[in-house]
Amino acid sequence: MVVVMVERILSRALEALSSGKKVALCIVVKKEGSAPRDEGAKMLVTEDGEVEGTIGGGKFEELVKEEALEALKKGASKLVRYSFGFGEGVDTGLPCGGAAEVFIDVLTPKPRLVIMGVGHVGIALARLARELRFEAILVDEAAEEPGVLAKPPSEALREVKVGRSDYIVIAYGDPERDYEALRVALKQEPSYIGLLGSKRKTKLLLERLSSEGFNLEHLRSRLYAPVGIDLGADTPEEVALSIMAEIIGLRKGAKLPHLSLLKP
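Residue 282 is where the sequence shown ends in our numbering, and the numbering goes up by one at each step.
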């Protein structure tokens, strides 16, 4: 029974991580006196609040779930002590006469960068992203190169299963293809969508989005257009560096000189 439960927890964790979602593995690492479960008991909490496994149920489990969701939000693992009427720790309100320590281990998927458009910038960007330990997925229905997902934007993003921890950069170089990819990307929930292009081209595409009913104010938090930070970049490699610097800076919470017309 225990083996089956562990297998289900691991299977659920892998499923979530492969979809770009974080999970928290909660493990009872220490037990003093009487407590609902022994050391080694495990429970998985997804960032959507779903639970697999159990470490005791009731109020105790609810408190651990709350801590796990908070840890997922901050992206940091933690050790939490719970009291069952004995010693210090988060008060569970249960009179078991013991205590337990739970390690909440936040597991984060490898960051994925979906690059739509296999031009000079797209290729340079994929190369640099992989050097920086991102999973780079190249998308271009017109491409014949190996290793490229040769499907239209809607099919490609559906197959990739874009999640909230993913990044998308649109770099076809053709206004119509860029616009179609942008419309499709905006229906997904990545943390970042970047559009390669001049400020003039970007302004026209944003005006077109607005005329079709997209609320640009609501897009400010995740749409970066033009993409990248101001490095004075000219070559494909320099543009790729500008884009990856922006993505990494956002992951680290840095203040950046964005090129985007949607940023202050």
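If you are wondering where the hints come from, they were derived from the structure by calculation, not from laboratory data. It is possible that some hints are incorrect.
Okay, derived cross-link-like pairs now, PhoX-like style, lysine-lysine, Cα gap no bigger than 20 Å in a straight line [claimed, not checked]:
| # | residue 1 | residue 2 |
| --- | --- | --- |
| 1 | K49 | K96 |
| 2 | K48 | K77 |
| 3 | K91 | K270 |
| 4 | K219 | K281 |
| 5 | K169 | K40 |
| 6 | K92 | K40 |
| 7 | K60 | K48 |
| 8 | K169 | K179 |
| 9 | K281 | K270 |
| 10 | K48 | K91 |
| 11 | K40 | K179 |
| 12 | K49 | K128 |
| 13 | K128 | K91 |
| 14 | K205 | K179 |
| 15 | K128 | K92 |
| 16 | K40 | K270 |
| 17 | K60 | K96 |
| 18 | K96 | K40 |
| 19 | K281 | K221 |
| 20 | K77 | K40 |
| 21 | K273 | K219 |
| 22 | K217 | K205 |
| 23 | K92 | K48 |
| 24 | K128 | K270 |
| 25 | K77 | K49 |
| 26 | K83 | K49 |
| 27 | K83 | K60 |
Has the given pair, K60 with K48, been kept, meaning a C-alpha gap of at most 20 Å? At roughly 12 Å apart (the allowed maximum being 20 Å), K48 and K60 satisfy the hint.
Restraint status (C-alpha distance of K83 to K60 at most 20 Å): holds (12 Å)
Are K91 and K270 close enough, with their CA atoms no more than 20 Å apart? Given pair K91, K270 holds - Cα atoms ~14 Å apart, limit 20 Å.
Pairwise hint evaluation, K270 against K128, where the allowed Cα distance is 20 Å at most: holds (15 Å)
For the pair supplied as a hint, K48 and K91, confirm whether the alpha-carbon distance does not exceed 20 Å. violated (25 Å)
Are K83 and K49 close enough, with their CA atoms no more than 20 Å apart? holds (18 Å)
Taken at face value, is the distance from the CA of K40 to the CA of K77 at most 20 Å? violated (24 Å)
Do the alpha carbons of K48 and K77 lie within 20 Å of each other, as the hint requires? Holds: K48 and K77 sit about 18 Å apart, inside 20 Å.
Quickly compare the C-alpha distance for K40 and K179 to 20 Å and report which way the hint goes. holds (14 Å)
Hint check: K128 vs K91, CA-CA at most 20 Å. Holds or violated? Cα-Cα ~17 Å, so holds.
For the pair supplied as a hint, K49 and K128, confirm whether the alpha-carbon distance does not exceed 20 Å. violated (33 Å)
Given the proposed pairing of K40 with K270, does the C-alpha separation stay at or below 20 Å? holds (17 Å)
Checked against the numbered hints listed earlier, the structure breaks hints 5, 10, 12, 20, 21, 22 and 23; every other hint is satisfied.
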